[in-house]
Each structure stands twice: as structure tokens, then as C-alpha cells.
Amino acid sequence: MTEIELLHRIRNNPEDFSDLFNLYYKPIFGYILRRTGDFDDTADIAANTFYNAFIHINNFSYKGISIKVWLYRIATNEVNLYFRQKQKTNSLFERFDLADKELFNNYLSEDRIELEMELQKHKQFLAVLEGLKTLPVKYQEVISLRYFEGKDYKEITEILNINEGTLKSLLSRGVEKLRKKCNQL
Amino acid sequence: METENFENKLIQMTKPEVSQLKHQDMLANAITKAKDKSVVSWWWLCIPLYIIATLLMKTFFIPGTTLISNIQKLTGKEMYSSVLFFFLLPIVFITINFISIRKIYLLSGNPKTVNFIFSIWFNAVVIIFSMLVILIYLLKI
Chain E
0 MTEIELLHRI RNNPEDFSDL FNLYYKPIFG YILRRTGDFD DTADIAANTF
50 YNAFIHINNF SYKGISIKVW LYRIATNEVN LYFRQKQKTN SLFERFDLAD
100 KELFNNYLSE DRIELEMELQ KHKQFLAVLE GLKTLPVKYQ EVISLRYFEG
150 KDYKEITEIL NINEGTLKSL LSRGVEKLRK KCNQL
Chain W
0 METENFENKL IQMTKPEVSQ LKHQDMLANA ITKAKDKSVV SWWWLCIPLY
50 IIATLLMKTF FIPGTTLISN IQKLTGKEMY SSVLFFFLLP IVFITINFIS
100 IRKIYLLSGN PKTVNFIFSI WFNAVVIIFS MLVILIYLLK I
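The listed protein sequences derive, respectively, from chains E and W. Just so we're aligned, residue 0 is where the first sequence starts under numbering that gives the first Met the number 0, counting upward by one. Just so we're aligned, residue 0 is where the second sequence starts under numbering that gives the first Met the number 0, counting upward by one.
No lab work stands behind these hints, which were simulated from the structure alone. In this text the structure is predicted, and so the values were computed from the model without any measurement. Heads up, some of the hints might be wrong.
[Stated by the list, open to error] Here are the simulated DSS-like pairs of lysine-lysine, each with C-alpha atoms no more than 27 Å apart in a straight line:
1. E:K120 x E:K25
2. W:K14 x E:K153
3. E:K167 x E:K67
4. W:K8 x E:K179
5. W:K102 x E:K132
6. W:K14 x E:K167
7. E:K122 x E:K25
8. W:K72 x W:K57
9. E:K179 x E:K167
10. E:K153 x E:K67
11. E:K150 x W:K14
12. E:K67 x W:K14
13. E:K25 x W:K32
14. W:K72 x E:K67
15. E:K179 x E:K25
[Said to hold, decoys possible] Sample of chain E residues at the chain W side, in silico, Cβ under 8 Å:
16. P13
17. E14
18. V174
[Stated by the list, open to error] Now the in silico label distances, taken between C-beta atoms and shown as ranges:
19. W:I10 x E:K100: 37 to 47 Å
20. W:L134 x E:L125: 51 to 61 Å
21. W:F117 x E:M0: 19 to 29 Å
22. E:N12 x W:L48: 48 to 58 Å
23. W:K102 x E:G164: 22 to 32 Å
Glycine included, C-beta positions come from ideal geometry on N, C-alpha and C.
All chains should be built: construct the whole structure from the sequences, respecting the hints.
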């Protein structure tokens, strides 16, 4: 099924959004985790991303960018907001009508343990991430998308809605700043 | 050279991966049942709308009065609340709606102009209405 067909299905039956969710939740969750390095903040930001996508899916117009790019764009905005506010996000899960909250919290705890162990296996990455988090968000987003997510220039320009020249300049300046930061660490 | 080496290091270093998320299915189910619970309720618009409506009705039903003279009378009697209702509240509405339009734009991908206008028409009406209220208020000065 193509993304356009999926979009039409969701517009006719909002519950079909779960198909889109299942398709992209894991990659978006991974992207946010690799930007924040914190499971709880990631879970909140990821839930907020998909909640915003669900509420605004009817405003999404399939022109030029794919749903995947659109989701990365929302996630990037949410992560940037998190860094700008420099505070913990409020738990969005309180808003949801979860069938069994206890079971959900148990699943969440199991996921937290597993992903915190996974994070600890990548010490070098965590050290680089610490340096990256001290840079302005405009450098964080390009470096993260290029080197942590392995996105090509075209995809990054679509996600961030910037031109290739700006992207190259941000990457070049950002990498240099990050290198200096990492040398200091 | 140093930067190139660092770039290679960034590409080659291992990154944490998400293999399985147990909470995923329950969250998907909860989100698809969620309703928009925005804190900004459009019912707040009723306050300035009610005052404007009463002033318009007064102008219409009481001979020899104009909207401007009624506003002048109100601002004379209720100086602080008139500043609040005719100046500060409309500015708040304009700001909220501009932020809302920006949010819709960011969340819409690259919207077609017609689709975008269709999505923001209510916000645009509120902005125009608020500007009118400020203009009417400033006219009395």
C-alpha cells in the first residue's frame, strides 16, 4: 500500500492511523532517543509527535514531502522545543485513555530497562551526544540527521525545510564545533 | 584533515538501536482514540463578542447614539476593563492565532495554498475581527 492510499484510508477511518503508527513509531522513537539520550523524555516526545500527527493528519497535504518526512519534521520540532525549554516534558500519557494503565506502565518500564542497557553499550556515542547537546539546536538537528540517522542531503533539506547550501554550511560549521567540544570532553 | 577524520568517526561509531517496544501497541490504540484537548478554548471569544454585541444593539436600538460614542461612554466609565477588552484581549487573540497558524503550517508539510487557507480560515477571521476591535477602540482616542 502506498502512503497516499494509507492517507486516504486514515481520512476515511481515523483508527487506521495505527497502521501509520506501527510503520513509523520505532524509527521516530529511535531518532528522538539518539537526540536526547533519555528514555523518559523520548517516550514523551515520541507520543507527542504522533498525537500531533493524528490531530493534524487532515491538514497534511501530500505535495513534495512524504508522511515519513512530515513525521521527522514534527519530531524535530518537538525535540527542538524540548531543548529550547530546557526542561522535562509533561507526561502526555496522562491525557490518553489507556485501557490498562498498569500494564502500560509495566511495558514502559521493561522498554526503559532494555533501552537504557542499549544506550550504555555505546559509550562513545553518549560522549559525542553530550558534546552535541551543548551546541545550538540548528547544529544538533543537522548533525543528528546526517551522522546518527544516515539521511542524505535531499531528505534532510526536506525534513528541515532548508536549502542544500544552508545545510552544507550548517554541517561544516557544526562538525567543526562538535569536534572542538569533543576534544574538550 | 582533522575534521574529515572526525566526520568518519561520527559515521563509523556504533549508535543505539531500538529493536522492540512493548508499549507500542497500547499507545497506538490510545492515540487513535484521543481527542484534541487544546487549552485554548474558543469559548473565551464570547467575552469580547458579548460586549461588542451589546454595544452594537445599544447603537441600533437607542436613537441618537453611535458605536463610537457608546465605546467612548464605556471607556469613560470602565477605563481599565475597556483597555482589557478592547486592546489587551484582542492582542492576545492575534498572538495566539498567529502562533496557531504557524503551527498548522509546520504540521502541514508543504500545503497547497488553497488547502492552507481552508485550514486557517477561522484563525484569519479571529485576527481580522480582533484588529477591527483595536481599530474601533483607537478611533475613540
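So, going through the hints one by one against the coordinates:
1. Only pairs whose Cα atoms come within 27 Å are accepted, and K120 of chain E paired with K25 of chain E is accepted, the gap being roughly 19 Å.
2. Between K14 of chain W and K153 of chain E the alpha-carbon distance is near 22 Å, which keeps this suggested pair within the 27 Å criterion.
3. Distance check on the hinted pair: K167 of chain E and K67 of chain E sit about 22 Å apart at the alpha-carbon level, within 27 Å; holds.
4. For the given pair, K8 of chain W sits about 14 Å from K179 of chain E by alpha-carbon distance, which is consistent with the 27 Å threshold.
5. The hinted pair formed by K102 of chain W and K132 of chain E meets the criterion: a straight-line CA distance of about 25 Å does not exceed 27 Å.
6. Of the supplied pair hints, the one linking K14 of chain W and K167 of chain E holds, its CA atoms being roughly 23 Å apart against a limit of 27 Å.
7. Taking the CA atoms of K122 of chain E and K25 of chain E, the gap is near 22 Å; set against the 27 Å cutoff, the hint holds.
8. A distance of roughly 12 Å separates the Cα atoms of K72 of chain W and K57 of chain W; the hinted pair therefore holds under the 27 Å criterion.
9. Under the criterion of a C-alpha separation no larger than 27 Å, the hint pairing K179 of chain E with K167 of chain E is consistent with the structure, at around 19 Å.
10. Between the alpha carbons of K153 of chain E and K67 of chain E the distance comes to roughly 13 Å, so the proposed pair stays at or under 27 Å and holds.
11. Distance restraint check for K150 of chain E and K14 of chain W: the Cα-Cα separation of roughly 14 Å lies within the 27 Å cut-off, and the hinted pair is therefore satisfied.
12. At most 27 Å may separate the alpha-carbon atoms for a hinted pair to count; K67 of chain E and K14 of chain W meet this at roughly 21 Å.
13. About 20 Å separates the Cα atoms of K25 of chain E and K32 of chain W, which keeps this hinted pair within 27 Å; it holds.
14. Restraint check: the Cα-Cα separation between K72 of chain W and K67 of chain E comes to about 57 Å, which exceeds 27 Å; the hinted pair is violated.
15. For a cut-off of 27 Å, the pair hint linking K179 of chain E to K25 of chain E is broken: about 32 Å separates their Cα positions.
16. This hint holds: P13 of chain E has a C-beta 6 Å from the nearest C-beta of chain W, less than the 8 Å allowed.
17. For E14 of chain E, the interface hint holds, since its Cβ comes within 8 Å of a Cβ in chain W; the closest pair sits about 5 Å apart.
18. The closest approach between the C-beta of V174 of chain E and any C-beta of chain W is roughly 6 Å, which is under the 8 Å cut-off, so the hint is satisfied.
19. The given range of 37 to 47 Å is respected by I10 of chain W and K100 of chain E, whose C-beta atoms sit roughly 42 Å from each other.
20. Taking the beta carbon of each, L134 of chain W and L125 of chain E are about 56 Å apart, inside 51 to 61 Å as hinted.
21. For the hinted restraint 19 to 29 Å between F117 of chain W and M0 of chain E, the CB-CB distance of approximately 27 Å keeps it satisfied.
22. A C-beta distance of roughly 36 Å is found between N12 of chain E and L48 of chain W, which places it outside the suggested range of 48 to 58 Å.
23. Between K102 of chain W and G164 of chain E the Cβ separation comes to about 27 Å, which falls inside the hinted range of 22 to 32 Å.
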